[in-house]
Each structure stands twice: as C-alpha cells, then as structure tokens.
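Q: Chains Y and X, in that order, are what the protein sequence lines are. Position 226 of the first sequence, counting from 1, maps to 226 under UniProt numbering, and the rest follow consecutively. Position 39 of the second sequence, counting from 1, maps to 39 under UniProt numbering, and the rest follow consecutively.
Because the hints were derived from the structure by calculation, they are not lab data.
To list a few chain Y residues with every Cβ distance to chain X over 10 Å, as calculated: (1) Ala148; (2) Ser159; (3) Ile238.
Now the stretches of chain Y that chain X is said to cover, found in silico as 3 or more residues with beta-carbon under 8 Å: (4) 17-26; (5) 41-48; (6) 53-59; (7) 65-78.
Ideal Cβ placement from N, Cα and C applies to all residues, glycine included.
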Amino acid sequence: MDDPFIIAGQELGSRLILGTGGAPSPQVLDEAVVASGTAMCTVAMRRVDPGTSGSVLDVLVARGVRVLPNTAGCRTAREALLTARLGREALETPWVKLEVVADDETLLPDPVELLDATESLVGDGFTVLVYTNDDPILARRLQQAGCAAVMPLGAPIGSGLGILNPHNIELIVAEATVPVVLDAGIGTASDAALAMELGCDAVLLASAVTRAQEPALMAAAMADAVRAGRMAHRAGRIPRREHAKASSPTRGMAAL
Amino acid sequence: MTLTINGERVDLPDGSTLAELVTSWAPAVRGVAAAVDGAVVPRGTWTQVALCEGQQVELLTAVQGG
Numbered sequence: 001m002d003d004p005f006i007i008a009g010q011e012l013g014s015r016l017i018l019g020t021g022g023a024p025s026p027q028v029l030d031e032a033v034v035a036s037g038t039a040m041c042t043v044a045m046r047r048v049d050p051g052t053s054g055s056v057l058d059v060l061v062a063r064g065v066r067v068l069p070n071t072a073g074c075r076t077a078r079e080a081l082l083t084a085r086l087g088r089e090a091l092e093t094p095w096v097k098l099e100v101v102a103d104d105e106t107l108l109p110d111p112v113e114l115l116d117a118t119e120s121l122v123g124d125g126f127t128v129l130v131y132t133n134d135d136p137i138l139a140r141r142l143q144q145a146g147c148a149a150v151m152p153l154g155a156p157i158g159s160g161l162g163i164l165n166p167h168n169i170e171l172i173v174a175e176a177t178v179p180v181v182l183d184a185g186i187g188t189a190s191d192a193a194l195a196m197e198l199g200c201d202a203v204l205l206a207s208a209v210t211r212a213q214e215p216a217l218m219a220a221a222m223a224d225a226v227r228a229g230r231m232a233h234r235a236g237r238i239p240r241r242e243h244a245k246a247s248s249p250t251r252g253m254a255a256l
Numbered sequence: 001m002t003l004t005i006n007g008e009r010v011d012l013p014d015g016s017t018l019a020e021l022v023t024s025w026a027p028a029v030r031g032v033a034a035a036v037d038g039a040v041v042p043r044g045t046w047t048q049v050a051l052c053e054g055q056q057v058e059l060l061t062a063v064q065g066g
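For reference, chain Y alone in the conformation it holds in the complex (with noise of 0.2 Å):
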C-alpha cells in the first residue's frame, strides 16, 4: 500500500477502526462492517450468558476483521489486567485496547490507574493500545511505558460532541513516536475527516456509526472522510491568512 498503517508492526488495512457496541442487530452489525472497510473492530468482554446462541464474532470472523478486545467497564488497573488476561485467553490475542475510566457520569480515563495498567500490561507482553484523555504529557508518559498505540478522546464516550481541543490533539500528534488513533467523540464524517487532517493516524469509533439512523450509510461515510483527511492531511493544507489573496493573474489586466 501506498500510505500503509502500521501497529507494532502489523499492517491494517483501513485506518478506521470499528466499534462494535451499540449496534441494534448483528446484521446492522454485519452490513456496517462491510460498508466501513474496517480491518479491525473492538469487542467487550462479558459474563458468557447461557441463553445466547449467536456471537459477535460469528460476524467479525466471517468478515475478516481483526477483533480488538477491551477492557471497557474497568475502574483499576488491577480489573483492566484481568480482564486484558482474559481476553486474551479468550480471542487469542495479545493485543487490547485499555479502557480505564473513572466514573460513569464522563466516563473519562482515570491517568493514574490508566498509566499504571499500562506498565503492567507492557511488563506482561500485551501489545496496549490505549484509550486516554487528550492531555499530551500523559499521551507522552504511556508511550515511555510502551503502548503501542495512543488514543486520545475527541470528547466523552458516545457524546457525538466531535474534537474539543484540537490543539491538544496537534501536540499529541507531534511528538508521538508510536501511532495516534482518535477515539471517542465523534458524532459525524468531518469529525472523522478533521481527525485526520489534524495529523491522527487513524480513528475509532462506534457510537457514530452504530447509533446512526442508518448505520451502514454513515459507516461508508466514514470511510470515505477518513480517506479524504489522510489525503488532505498527506498533501499540505495552505496556511490561513487575515487576507485575502487572488488565485487569478494579477498582471495582464485589459483595460476596460
């Protein structure tokens, strides 16, 4: 690929990356998967419910998409290392995205337990990606703790409120030395677009597309926003100017 994105070394082949909570069905699921492109979608991990017959991965596995297990629901580094354990116990994979949250009011990270999870799943072989506020020091402290991927919220989980502090979200992006994936926060496509044109690597989301009131549409709408803020962020955008500045010859004039 031309422009590939890369994880601790693994290639994807989109740089959308799916949620899958929210969605009313698993064929919704199914047909957002498909119109998104996403090479890879996060899951939970649940008490297994003995009166349910289908999975979430039934639709994930037959589409191919790589499956990204979460500890979404911890409020301690301990249950974050648990449950990571478990998922990957589970689906097989040392890869999680590290969700720790403080409350269920913001559902914002809690840095402290976030950072300490972090170094715990680092020690442990886990390959973290990790969901974290967009506060660039703390951005830099996981990536010296050896997250692979850092994912700074646009705004509040399953907010739509889009990208509060793009400035935050700059710094971030310019000293990182691992990717940066924007996750949470984004209500529509050019929040997505603007993610990427800011310089993110990638975006997550879930509730955009899920909760939407057609779901697949808004997914290949993503998609195609993504793609356009990856372009427009790869070729330079013109600086803002106070003025403005002719795009004609100035030089040549008839005289009328």
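Got chain Y; can you put chain X on it based on the hints?
A: What follows is chain X alone, placed relative to chain Y:
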C-alpha cells in the same frame, strides 16, 4: 459442592472439572475465557482443573462493545 459461577450459586457434582463446567455452561459460545478465584486459567489446562467447594468462577466471552 456449591460454587459461584458468574455471580450465581450453582451446585456441581464433586470432582467436576473446569472443562466440564464450561461445556455445560457455554456449549455453543465461541471464544470463552475462565477465571477461578481471580486468576485466569489457560484453556489448555481446563481438563486438569478440579473445581472445589466455594470457588468463584467467572466465564467471559466477547460481546458488542466500544
């Protein structure tokens, strides 16, 4: 013997193994992981793990999520 499985108290025959429990509890569920008393038990050892009175067993699998 009585154990707690996913938060429910369950009676099992003495000498039951973790492998037998998983088979009966989650026969058709893909990608299950097990923890006994807070420690993950590797799948390859399930047949050798004899369960004991009072243990807390967690059986987890992948579901839709963020």
